[in-house]
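If you use this note's numbering, the sequence shown corresponds to residues 4 to 229, in order.
Among the clues, some could well be false.
Straight-line distance between alpha carbons at most 30 Å, and here's what the computed DSS-like set of lysine-lysine pairs gives [claimed, not checked]:
(1) 60 - 70
(2) 70 - 156
(3) 60 - 156
Simulated DEER-style distance windows between Cβ atoms [to be verified]:
(4) 163 - 90: 34 to 44 Å
(5) 172 - 54: 38 to 48 Å
(6) 166 - 81: 16 to 26 Å
(7) 44 - 78: 43 to 53 Å
(8) 55 - 31: 39 to 49 Å
(9) 41 - 86: 15 to 25 Å
(10) 199 - 140: 19 to 29 Å
(11) 85 - 195: 41 to 51 Å
(12) 164 - 33: 15 to 25 Å
(13) 89 - 58: 39 to 49 Å
(14) 56 - 97: 40 to 50 Å
(15) 170 - 94: 35 to 45 Å
(16) 172 - 89: 19 to 29 Å
Since the hints were derived computationally from the structure, they do not count as laboratory data.
We put the beta carbon where it would ideally sit given N, CA and C, even for glycine.
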Amino acid sequence: GTFNLQSIGDLSHSIRRFFIYGLICHGFPLFISSVTLTMQMIPISSFPSSMQSHIIKPNFDDGRYGKSEFVYYTIFEISLHVVNAIFMGYTFYLLYKENLITTFCRKETSRIAVRTHAAVNHLDEFKQQMRIFILYIFIWIMNSATSIRRHAKFWRVVDIIVALQGVFVVIFILRTSRNILVNPLFQKISNTAREISSRIGEKRSFVTSSTEASEISLTLQKKVAD
Numbered sequence: 004g005t006f007n008l009q010s011i012g013d014l015s016h017s018i019r020r021f022f023i024y025g026l027i028c029h030g031f032p033l034f035i036s037s038v039t040l041t042m043q044m045i046p047i048s049s050f051p052s053s054m055q056s057h058i059i060k061p062n063f064d065d066g067r068y069g070k071s072e073f074v075y076y077t078i079f080e081i082s083l084h085v086v087n088a089i090f091m092g093y094t095f096y097l098l099y100k101e102n103l104i105t106t107f108c109r110k111e112t113s114r115i116a117v118r119t120h121a122a123v124n125h126l127d128e129f130k131q132q133m134r135i136f137i138l139y140i141f142i143w144i145m146n147s148a149t150s151i152r153r154h155a156k157f158w159r160v161v162d163i164i165v166a167l168q169g170v171f172v173v174i175f176i177l178r179t180s181r182n183i184l185v186n187p188l189f190q191k192i193s194n195t196a197r198e199i200s201s202r203i204g205e206k207r208s209f210v211t212s213s214t215e216a217s218e219i220s221l222t223l224q225k226k227v228a229d
């Protein structure tokens, strides 16, 4: 069976891959934080005497980093960059397989004709994938730059950009005309807002007309009385 010209088997594989990526993306930082917090809370005396001299604590309280920074930050950060590079390289490979590297911007070309060798005959989907992929590359570069340029103002800018990446993704999805689930909902909300605005305008027009009619009536009554 198919859904939106995609094989059901391909969709289930994509969903499974999405959950694996999500588990790694959210589970890895949670694991790092849990290990660091646990090592901070456990006293040195709780470890065997033979290991106590080799234990490296995070040292959050005394501000001394050195070895602790390397163990609890640098190693994990390098590992994250390596994993991200692997994922992004694999994503780029999947996009390259779509055979649209030089033709996805040719608006005059038929979508079906452009993607004759592609798995999915939708040009907009590829454009959406490319936008999100470029966004993630940009976020990754900005996060990597924070390790080199350690300045509070620069960190704030990067944090704001990272926090807004979800908004950017939503905008990319809404701009994709082929999305049959999001666009009708967005269109329905837009039509409802226009209808409400139109009704408010009609009510205001009616109130204005009624007020003008009342003023004219009062003016005529005064003239008759005079």
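Comparing the hints with the structure gives:
1. 60 - 70: 9 Å, holds
2. 70 - 156: 26 Å, holds
3. 60 - 156: Since the Cα atoms of residue 60 and residue 156 sit roughly 29 Å apart, the hinted pair holds (cutoff 30 Å).
4. 163 - 90: 34 to 44 Å: Given a distance of about 24 Å, which is not inside 34 to 44 Å, the answer is violated.
5. 172 - 54: 38 to 48 Å: 46 Å, holds
6. 166 - 81: 16 to 26 Å: Hint holds: Cβ distance 24 Å, inside 16 to 26 Å.
7. 44 - 78: 43 to 53 Å: 20 Å, violated
8. 55 - 31: 39 to 49 Å: Given range 39 to 49 Å: violated, Cβ gap about 29 Å.
9. 41 - 86: 15 to 25 Å: 22 Å, holds
10. 199 - 140: 19 to 29 Å: Distance hint for residue 199, residue 140 is violated at roughly 41 Å.
11. 85 - 195: 41 to 51 Å: 48 Å, holds
12. 164 - 33: 15 to 25 Å: 22 Å, holds
13. 89 - 58: 39 to 49 Å: 32 Å, violated
14. 56 - 97: 40 to 50 Å: Holds - the Cβ-Cβ distance for residue 56 and residue 97, about 49 Å, lies within 40 to 50 Å.
15. 170 - 94: 35 to 45 Å: 21 Å, violated
16. 172 - 89: 19 to 29 Å: With a Cβ separation near 21 Å, residue 172 and residue 89 satisfy 19 to 29 Å, so the hint holds.
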